[in-house]
Structure formats: C-alpha cells, structure tokens
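These protein sequence lines are chains X and G, in that order. Residue numbers for the first sequence follow the working numbering, so the first one is 1 and each next one is one higher. Residue numbers for the second sequence follow the working numbering, so the first one is 1 and each next one is one higher.
Among the clues, some could well be false.
[What the hints assert, rightly or not] Straight-line alpha carbon distances no greater than 20 Å define the calculated DMTMM-like cross-link-like pairs of lysine to aspartate or glutamate that follow: (1) G/Lys44 with G/Glu104; (2) G/Lys19 with G/Glu82; (3) G/Lys44 with X/Glu66; (4) G/Lys71 with G/Asp18; (5) G/Lys40 with G/Asp85; (6) X/Lys49 with X/Glu15; (7) G/Lys22 with G/Asp70; (8) G/Lys44 with X/Glu15; (9) X/Lys49 with G/Glu104; (10) X/Lys49 with X/Glu66; (11) G/Lys67 with G/Asp18; (12) G/Lys19 with G/Asp38; (13) G/Lys41 with X/Glu8; (14) X/Lys22 with X/Glu64; (15) G/Lys67 with G/Glu53; (16) X/Lys77 with X/Glu15; (17) G/Lys44 with G/Glu82; (18) G/Lys22 with G/Glu53; (19) G/Lys40 with X/Asp9; (20) X/Lys58 with G/Glu104; (21) G/Lys67 with G/Asp85; (22) G/Lys36 with X/Asp95; (23) X/Lys22 with X/Asp9; (24) X/Lys69 with X/Asp95; (25) G/Lys40 with X/Glu8; (26) G/Lys71 with G/Asp30; (27) G/Lys41 with X/Asp9.
It should be emphasised that the hints constitute simulated quantities derived from the structure, not laboratory data.
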Amino acid sequence: AQSVAQPEDQVNVAEGNPLTVKCTYSVSGNPYLFWYVQYPNRGLQFLLKYITGDNLVKGSYGFEAEFNKSQTSFHLKKPSALVSDSALYFCAVRDLSGGYNKLIFGAGTRLAVHP
Amino acid sequence: DTAVSQTPKYLVTQMGNDKSIKCEQNLGHDTMYWYKQDSKKFLKIMFSYNNKELIINETVPNRFSPKSPDKAHLNLHINSLELGDSAVYFCASSQGPLAGVTYEQYFGPGTRLTVT
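Next up, chain X with everything else stripped away, as it sits in the complex (with noise of 0.2 Å):
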C-alpha cells in the first residue's frame, strides 16, 4: 500500500531563514506526491505536486519541493520563511487501488515561524 511519512510533528524557524517540512514516501510503482497546507479553521490548500520530470518542483507561496528517488523523500523548502507561512503543511501520495485516483495523506508537520 502507498504512504508518506511526516518524521516532525512541528519544525521551528526564524522569520528570513529557510525552511524544510519532510517527508519520505513508501509507493509500488511511480510516485506521484504532493504538497498542501491548511492554515487555522481552513481547508487545505494545493502547494505543488510531483508527477515525471525535473526533480526539483516549484509551487505556490514561493515554496519548493525535491524529490529524491534514492532516498524516497520530497521535502518541502522555502528559501526565506514568513511569519504568515505557519500553518500545517500534508504531504500526500496518490494512490490507485480501487482503479480511482485517491490521495493518502501523511500526519502533518506544524511549521511555526517566529518573528
């Protein structure tokens, strides 16, 4: 079965420093990932994805993504964090069981960035 990995609950940054939420990936077959962030009593929100291509993979909100076969991550980064970035951010693997597209989602990383 598809998963994806969150290892931080919640990863701390100064405001102007860079920033990375990761998430490692568990998939038979192509991965096809991706990114949202929910901010306080919202819905989620699409950041990027990663379908074939350049690994590296740039999204909304100045975010980034990079996927790494060898290591099975794709790590969220953004080069110099905002206060308003803090939010909780999914990492997400499709999932084709069934014949249909669904999304698995990972456990959520809590970004804070501090003044």
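Go by the hints and put chain G onto chain X.
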C-alpha cells in the same frame, strides 16, 4: 466566489441524532470527495463520487451515507451519531478520478461536527 463550499461550518448535536452536511463546487469538476480529519489532524478519505456515481468507499460505518444529486453537489448524511464521529469533515473536488491522469484536489473550508 467560493470554489468549494460546505454548510454548515459548525454542527453541535447530541448522540443518537441524524444530521447532514452539504457540499457544492462551482469549478465544473467531475469528482467530489469526503474526508474526515480527527482531533490529531489526521486526514482520511471516506468517499468519492464521479458524475454522481460512487467510486470510492473506504471502510466507513454504514451510518454514513453520501448522496450526489448532481456532479456539483455531494452531501453526507450521518445516522445515529456517536461521540467518535466528532471531527472536521472536508469536502473536495477534482477534475477527474481516472487512473491515467492525476489532478490536484480543491478543498472546502470544513464542517466541525461536535457530538455531545
């Protein structure tokens, strides 16, 4: 214009009651989903409909019954509510469920259900 909307935003009810949550999307998508997010923020798919047809039905108690009157609407009815049903329920939509194409999903704002 809200792309995916849900009503109500908050729902507080007693054990044993029956309640419904409604979802509407104006994105023209073919596929809609219901997810449950528990108190630890863990997010799990419950159901998916494509053009009013049920295509994904995870292991969910049969007290939960989704209904899709048309491809823009997906409602969730819950019978005999239990304490463990307390959670945030999210509706989502995407362009299609087909295995060969992977589209991102767009989420509604969520409905916080509290069962007392």
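Evaluated hints:
Taking the CA atoms of G/Lys44 and G/Glu104, the gap is about 16 Å. The hint holds against a cut of 20 Å. Restraint check for G/Lys19 and G/Glu82: satisfied, since their Cα atoms lie roughly 11 Å apart, inside the 20 Å limit. Taking the CA atoms of G/Lys44 and X/Glu66, the gap is near 25 Å; set against the 20 Å cutoff, the hint is violated. Under the criterion of a C-alpha separation no larger than 20 Å, the hint pairing G/Lys71 with G/Asp18 is inconsistent with the structure, at around 24 Å.
The straight-line distance between the Cα atoms of G/Lys40 and G/Asp85 is roughly 14 Å, inside the 20 Å bound, and the hint therefore holds. At roughly 25 Å between alpha-carbon atoms, X/Lys49 and X/Glu15 are farther apart than 20 Å, so this suggested pair is violated. Taking the CA atoms of G/Lys22 and G/Asp70, the gap is about 12 Å. The hint holds against a cut of 20 Å. For the hint pairing G/Lys44 with X/Glu15, the CA-to-CA distance comes to about 32 Å; that exceeds 20 Å, so the pair is violated.
For the given pair, X/Lys49 sits about 8 Å from G/Glu104 by alpha-carbon distance, which is consistent with the 20 Å threshold. Taking the CA atoms of X/Lys49 and X/Glu66, the gap is near 10 Å; set against the 20 Å cutoff, the hint holds. Of the supplied pair hints, the one linking G/Lys67 and G/Asp18 holds, its CA atoms being roughly 15 Å apart against a limit of 20 Å. Taking the CA atoms of G/Lys19 and G/Asp38, the gap is near 18 Å; set against the 20 Å cutoff, the hint holds.
Under the criterion of a C-alpha separation no larger than 20 Å, the hint pairing G/Lys41 with X/Glu8 is consistent with the structure, at around 14 Å. Annotation: proposed proximity of X/Lys22 to X/Glu64 holds, straight-line Cα distance about 12 Å (limit 20 Å). Distance restraint check for G/Lys67 and G/Glu53: the Cα-Cα separation of roughly 9 Å lies within the 20 Å cut-off, and the hinted pair is therefore satisfied. Among the hinted pairs, X/Lys77 with X/Glu15 is consistent with the structure: their alpha-carbon atoms are about 14 Å apart, no more than 20 Å.
Between G/Lys44 and G/Glu82 the alpha-carbon distance is near 18 Å, which keeps this suggested pair within the 20 Å criterion. With a CA separation close to 17 Å, the supplied pair G/Lys22 and G/Glu53 stays within the 20 Å bound. Annotation: proposed proximity of G/Lys40 to X/Asp9 holds, straight-line Cα distance about 11 Å (limit 20 Å). Distance restraint check for X/Lys58 and G/Glu104: the Cα-Cα separation of roughly 15 Å lies within the 20 Å cut-off, and the hinted pair is therefore satisfied.
A threshold of 20 Å between alpha carbons decides the hint, and for G/Lys67 with G/Asp85 the separation of about 18 Å falls inside it, so the pair holds. Straight-line distance between C-alpha atoms of G/Lys36 and X/Asp95 comes to about 17 Å, which keeps the hinted pair within the 20 Å bound. The hinted pair formed by X/Lys22 and X/Asp9 meets the criterion: a straight-line CA distance of about 10 Å does not exceed 20 Å. The straight-line distance between the Cα atoms of X/Lys69 and X/Asp95 is roughly 18 Å, inside the 20 Å bound, and the hint therefore holds.
At roughly 14 Å between alpha-carbon atoms, G/Lys40 and X/Glu8 fall within 20 Å of each other, so this suggested pair holds. Distance hint between G/Lys71 and G/Asp30 is fulfilled; the C-alpha atoms sit about 6 Å from each other, no more than 20 Å. Of the pairs offered as hints, the one joining G/Lys41 and X/Asp9 holds, with about 11 Å between alpha carbons and a cut-off of 20 Å not exceeded.
Of the numbered hints listed earlier, those contradicted by the structure are 3, 4, 6, 8.
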